[in-house]
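Next come the chains, spelled out residue by residue.
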Amino acid sequence: MGRSAGAASAGGSLNLTTASRHFKREIASLGGIFAFLAEFAVGNGISEGAAFKLNLVVEELFTNMVRHNEGGGDHIELSLERSDVMLHLELTDVDVEPFDPATVEEVPVGAGIEARRPGGLGIHLVRTMVDSLDYSYEPANREMKISVTTTLE
Amino acid sequence: MFDMTRGDNGIISLKGRFDASQIEAARAFFERITESCTLDFGELVYISSAGLGLLFATQKRLVDAGEAMKLVKLNPHIREIFQIAGFDNIFEIG
Chain A
25 MGRSAGAASA GGSLNLTTAS RHFKREIASL GGIFAFLAEF AVGNGISEGA AFKLNLVVEE
85 LFTNMVRHNE GGGDHIELSL ERSDVMLHLE LTDVDVEPFD PATVEEVPVG AGIEARRPGG
145 LGIHLVRTMV DSLDYSYEPA NREMKISVTT TLE
Chain D
2 MFDMTRGDNG IISLKGRFDA SQIEAARAFF ERITESCTLD FGELVYISSA GLGLLFATQK
62 RLVDAGEAMK LVKLNPHIRE IFQIAGFDNI FEIG
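Residue numbers (our numbering), protein chains in the order written: chain A, 25 to 177; chain D, 2 to 95.
Hint data in this document are derived by calculation from the structure and do not stem from the laboratory. Certain hints may be false.
Rough simulated footprint, nothing fancy, chain D against chain A, three-plus residues with beta-carbon under 8 Å [to be verified]:
hint	region
1	83–95
2	108–114
3	118–125
4	158–168
Under the rule of at most 20 Å between Cα atoms (straight-line distance), these lysine to any residue pairs were calculated in the SDA-like manner [unchecked claim]:
hint	chain 1	residue 1	chain 2	residue 2
5	A	169	A	123
6	A	48	D	61
7	D	71	A	134
8	D	61	A	135
9	D	71	A	48
10	A	48	A	88
We put the CB at the ideal spot given by N, CA and C, even for glycine.
Bound-form chain A, shown alone (with noise of 0.2 Å):
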């Protein structure tokens, strides 16, 4: 846990900011999530729309962590690294089950209320709203991550 900030390329053009926490694994840790959140978008100078996405990424992918994996370790690590034009963000989830959000089916969004289903919508704007989205699975230990990447406007 912890948070740094400053300056870290050898050759000193790009700017870092760093920050990772643990929340419990429950739906009541959206509070101080978004409340981690918006101190690291406020120290870093990102914008409000951006901070918007920020908050509903990590929402969207958390809350997949806690519903998919319920016999999980008590807590999901959160990693937030900021370059000069780039947001990245890691989950971390440990003694779970493997779940690749890459198997989600994707949301028919240009069809009539008649013919959308419930479901798969949070995916669909991760998807949608970050430049990458990677999942890792280690057997092993049973540590899954899912990693993010988007520009900052």
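Could you slot chain D onto chain A? The hints should help.
Only chain D this time, still in chain A's reference frame:
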């Protein structure tokens, strides 16, 4: 914080952040909507798929009964989310 109120004019105002932690309270409120109405998003600052899902379920139930919700005063971020979700095909958005 998230709040829902129905005004004397019948318009339902949503206020605050409509996220997954608010769904149970919101569901109880939305289940009581049985007729066409307008939802004022003027003071709603955030919504996630949890809120969208509840709005969708309510609209589907209403449309099946010949009724519908209309949404007004969406901020630009929420409007974009509605477009990405394809909800501009599902709701009349003013």
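Hints numbered earlier in the text: which of these fail when held up against the supplied structure?
2, 3, 4, 6, 9
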